[in-house]
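Visitor: Below, each chain spelled out in residue letters.
There are 2 protein chains.
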Amino acid sequence: MSSSWLRTGRSPGPPLQRKLDLPGAALEAASRGDFELQGYAFEAAAEQQRRPRTVRVGLVQNRTPLPADTPVVKQVAALHRRVEAVVEVAAMCGVNIVCFQEAWTMPFAFCTREKLPWTEFAESAEDGPTIKFCQELARKHSMVVVSPILERDSAHGDVLWNTAVVISSSGAVLGKTRKNHIPRVGDFNEFKWPEILEFRVIPGVSLREDGRCFHFSVKPKKREAWRLSIRPRPSVFQSTYYMEGNLGHPVFQTQFGRIAVNICYGRHHPLNWLMFSINGAEIIFNPSATIGALSESLWPIEARNAAIANHCFTCAINRVGQEHFPNEFTSGDGKKGPTPQTVSAHLPPAALVWTLGLWPPGTPDENGVGTGVEMGQAVGAPSDRGPAGPGRHMHTPRTPSGWPAARFTAHRDFGYFYGSSYVAAPDGSRTPGLSRTRDGLLVAELDLNLCRQVNDIWGFKMTGRYEMYAQELAEAVKPDYTPRIVKE
Amino acid sequence: MSSSWLRTGRSPGPPLQRKLDLPGAALEAASRGDFELQGYAFEAAAEQQRRPRTVRVGLVQNRTPLPADTPVVKQVAALHRRVEAVVEVAAMCGVNIVCFQEAWTMPFAFCTREKLPWTEFAESAEDGPTIKFCQELARKHSMVVVSPILERDSAHGDVLWNTAVVISSSGAVLGKTRKNHIPRVGDFNEFKWPEILEFRVIPGVSLREDGRCFHFSVKPKKREAWRLSIRPRPSVFQSTYYMEGNLGHPVFQTQFGRIAVNICYGRHHPLNWLMFSINGAEIIFNPSATIGALSESLWPIEARNAAIANHCFTCAINRVGQEHFPNEFTSGDGKKGPTPQTVSAHLPPAALVWTLGLWPPGTPDENGVGTGVEMGQAVGAPSDRGPAGPGRHMHTPRTPSGWPAARFTAHRDFGYFYGSSYVAAPDGSRTPGLSRTRDGLLVAELDLNLCRQVNDIWGFKMTGRYEMYAQELAEAVKPDYTPRIVKE
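Line order of the protein sequences matches chains E and G. Numbered per the working numbering, the first sequence spans residues 1 to 488. Numbered per the working numbering, the second sequence spans residues 489 to 976.
No lab work stands behind these hints, which were simulated from the structure alone. Note that this is a predicted model, so its numbers are computed, not measured. Glycine included, C-beta positions come from ideal geometry on N, C-alpha and C. Check the hints yourself; a few may be wrong.
Some chain E residues close to chain G (C-beta under 8 Å, calculated; not the full set) [to be verified]:
{"hint": "1", "residue": "Gly175"}
{"hint": "2", "residue": "Leu271"}
{"hint": "3", "residue": "Asn279"}
{"hint": "4", "residue": "Leu473"}
So here's chain E without its partners, still in its complex pose (with noise of 0.2 Å):
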């Protein structure tokens, strides 16, 4: 009998797993190799026609070991060592199968929008130094390992691609699986005008806007002071590296079972996980690299509810630390501090209109830097009073114009990884999380029975009524398509 299952059946919150028994060498080079080591084990009922279908697959936070800033390959080679360590360490732990994070051999440098150097870190999923190096893991602790690498297409016109090889336990490349979901979402993309979330009316003081500058009128000798909150708001525009993956939804024969990948965001999206399950998939890793602001309220539910939906189990993995890169970008709502953007100023004397504009990123101002907002008298003389407010919400230099003016925080970092990698069992079940801050190895047996034991029990699958969800979204994506919506 399941004792997960049982134990689902018992009590509301996460049943978490029994933990496994590793061996004290493993612990040892954990500690001395500073990451965290955890593992847990997830049972099946005894059946009569199957033995027991167990295998352990490994999960792999890390941060990168080397500033951005530092040479391509002196990076990329710093994170072949730090993931070879941690290899180590799963085989010591009877590890199979194991999986390294989003993009693992680079920083996330993808909100910087910026190609050179980033791109430099893209390599062939067939032969890149990567996979070779991934092969040697595979052949010499006999485990299948899956590499998610920014990729290079060189069959096809040079193209990129977020990509996940996966490499036999024999060391040959079983194949590779593309992220079929691309975000639109902050740091990810490019620039659109934000929206006023708050502006607070004060006598005398109006507001214009005309998609490119807000402008203030203010009545003559005013001195009351004025507060603009904006949110900018997330693109619609394509994420610039790469496009969705054109491979569908491959699963992949190994040693010790059915595996797929779905790479990070398509975490979101239910029908991207079901097409895995469909195929066979009885476990899916989620490489991820998202951070707090962004997703965290969010990570402990969906891929626990894709575990349960689909009656398989899911490997959700998430980096770890924060990435500093060379050159300032801004962000969306994925940015990191506070959100709102607050600029704020007491009225200079004199003015007659204040005018508060804003840049696309990649487009520099007088000044060299990125999206701004520029706050400057359009009418009057030049005014010494800068303006004033929260002063980590603002930088005052001056444009050649001679205005004062006043900046969203540009940064330099994406945000925070939070770590928390996790395994989720088809009955609901869960390991906990490793640390929000650490690097880490998550160790989880897995018997793989189970899958197809709650799939008979609760027989989604079988009460799903695809025919009829494929005819109605071959419907709803048609262009003249009408919701079905019933009024009085």
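Given the structure of chain E, go ahead and fit chain G onto it with the hints provided.
Guide: Chain G alone, transformed into the frame defined by chain E:
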């Protein structure tokens, strides 16, 4: 600025909402009526073009006030009175849309597999007594009423449906929607030959199974105890009361916003939520009747994930308490009490062959009891020494044939409905759950603007690639579909 959005950005756990300041008279009335009353608010960012679209929803969870063997009309009347009192309080709290639990006018008798008197609770969704009752409530309080009932569809051969009727605040029947997914789980269904989970082989005892009986061959004069564990497997037969809904995924445009109803087991199917959302639902109610052993560990995950995945509010409602039925019935894994069942005994003297037999449910054995396990001495003289073992697992009636018998614990209740109704928001935030044991009313104030705001931030509809999934699903349902499995 949406405080809930900010909060989700800050806290890894489920962010809880601001408590509503509910009128004292309402709180007093609730305590007089002996039900819990809680209120929370979800906020959204201020917009320039839309004012806040604030709506208050009321979720009602309750036990059945009268025993299940009370005359049907009395049970219905008592439920009407109970819910009427709760709705009075909802009105005091300014509730605009109220939703009751699944099949709220009756005990959840489907586990009995008996037809009478339970099917007498079914009524017309257009002009049945409960609909008329709800229309009065709607008119009196200018409140939209969502009333999930067992529907008798006299226009289509008197078939039964698991239906929710939506009544406009004007009192008009706006329309109905039907349960799209029917469980094939445990008590919801019919009998299937169980699997043997454990048979402790002991010297001199062998086991043979013929799909109808377990035969134990025992060497004469053996005295050892034997032990057999059996777990009934969930059925794959049709539900015996109603079939899958045939009304698709209608969304109802009410005075207070666009709503849909995903009844109970549809909660487990992400595509069901998705189609309601694609059709424009801003609030999806999930009236349920589910028990701890079956689903409690999934409860906090599924509706919350649906709110996240579909940029809408979800309202999960579950009844409370335990309902006792006149006649015994047996269960699948959904059953209350220890699973698996254990049948054990010391062998009587001179036993040669023992037989353990089962009957399908609804086929009363000689004692007029449904599904049972008979353990009888097939060879040799009747023995006075009946089976022994954990008493609560066994009855020891004698069959007319005079052999000692052991039965599964047939029971008279479905299990414990754990309440815990809650509301989840598109940003991943949620309210606390209502009590696991008490009747209750949960009032939630929703700013529906949050749906489109989160949609614009996360953009799951935009990045959903539904065209691809419509095609993949259409392929996947074909009888000759070959899953995409990559082999070495």
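Visitor: Run every hint past the structure and note whether it holds.
Guide: Evaluation of the provided hints:
no. : hint   : verdict
1   : Gly175 : holds (4 Å)
2   : Leu271 : holds (5 Å)
3   : Asn279 : holds (4 Å)
4   : Leu473 : holds (4 Å)
In terms of the numbered hints stated before, the structure departs from none.
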